[in-house]
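If you read the sequences in order, they're chains X and Y. Position 65, counted from 1, in the first sequence is what the working numbering calls 65; the numbers after and before it change by one each time, with no gaps. Position 22, counted from 1, in the second sequence is what the working numbering calls 22; the numbers after and before it change by one each time, with no gaps.
There's no promise every hint is true.
Claimed, not checked - Listed below are the simulated DSBU-like cross-link pairs for lysine-lysine, each with C-alpha atoms no more than 35 Å apart in a straight line:
#, chain 1, residue 1, chain 2, residue 2
1, Y, 9, X, 3
2, X, 108, Y, 9
3, X, 17, X, 71
4, Y, 14, X, 108
5, X, 104, Y, 9
6, X, 57, X, 108
7, Y, 70, X, 55
8, Y, 14, X, 71
9, Y, 71, Y, 57
10, X, 104, X, 57
11, Y, 14, X, 63
12, X, 104, X, 59
13, Y, 57, X, 55
14, Y, 14, Y, 57
15, Y, 71, Y, 9
16, X, 17, X, 59
17, X, 63, Y, 70
18, X, 104, X, 55
19, X, 71, X, 57
20, X, 59, Y, 14
21, X, 55, X, 108
22, X, 3, X, 57
23, X, 108, X, 59
24, Y, 14, X, 104
25, X, 57, Y, 14
26, Y, 71, Y, 14
27, X, 55, Y, 9
28, Y, 57, X, 3
29, X, 71, X, 59
30, X, 108, X, 63
31, X, 71, Y, 70
32, Y, 70, X, 108
33, Y, 70, Y, 57
Hints listed in this document are in silico derivations from the structure and should not be mistaken for laboratory results. From a predicted model like this one, the values you see are computed outputs, not experimental measurements.
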Amino acid sequence: SQKIEQNSEALNIQEGKTATLTCNYTNYSPAYLQWYRQDPGRGPVFLLLIRENEKEKRKERLKVTFDTTLKQSLFHITASQPADSATYLCAGSNYQLIWGAGTKLIIKP
Amino acid sequence: NAGVTQTPKFRVLKTGQSMTLLCAQDMNHEYMYWYRQDPGMGLRLIHYSVGEGTTAKGEVPDGYNVSRLKKQNFLLGLESAAPSQTSVYFCASSLTSGSTDTQYFGPGTRLTVL
């Protein structure tokens, strides 16, 4: 079945460092990948969308890559801050969005 | 703009009871969605709507019904609640297809079925 897989273990990063989250897809080839942020007790909030023909996309301190050979997207937060602590969700789509379970990111002061 | 709102925020039901979750959006979006989120799993689509008066099944529609009588509202009904329906329910909306467009989510409804 079509799957989006994200690391289920929390990622602990020191403040100021770059945090890198991984999203792998299997058994399909999404044309788009989206990244969302979810804080505890709240709904997801859209961050970035990248198309399969775009290798990289940036927004302020955020960067997303899309590697169709590795079937993977990487999500980077540079100069990380404690306020970046949240769960980050990846979703891939052709005609339907398939969601990953998310990776919890903890930025330590 | 309030964005996407959901009512209620919390609810506890007994097995076999029924209830309706209300979602409202003020962004004039065509597409609306109901998801459930369970621990360790990705969001799963229950039902969706591509416009007023239309509904369609998602990945996990069994045990749920929906209606979209007005463009701004999308209702999710549970006719006979079961413990397996204990979950957090999110409503979302998008201007165009959510596959390629930003989805805006509500704050969620935490439902417990005893």
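If you test the structure against every hint from before, which numbers come out violated? Checked against the structure, the hints that fail are numbers 4, 7, 8, 11, 17, 20, 25, 27, 31, 32, while the rest are satisfied.
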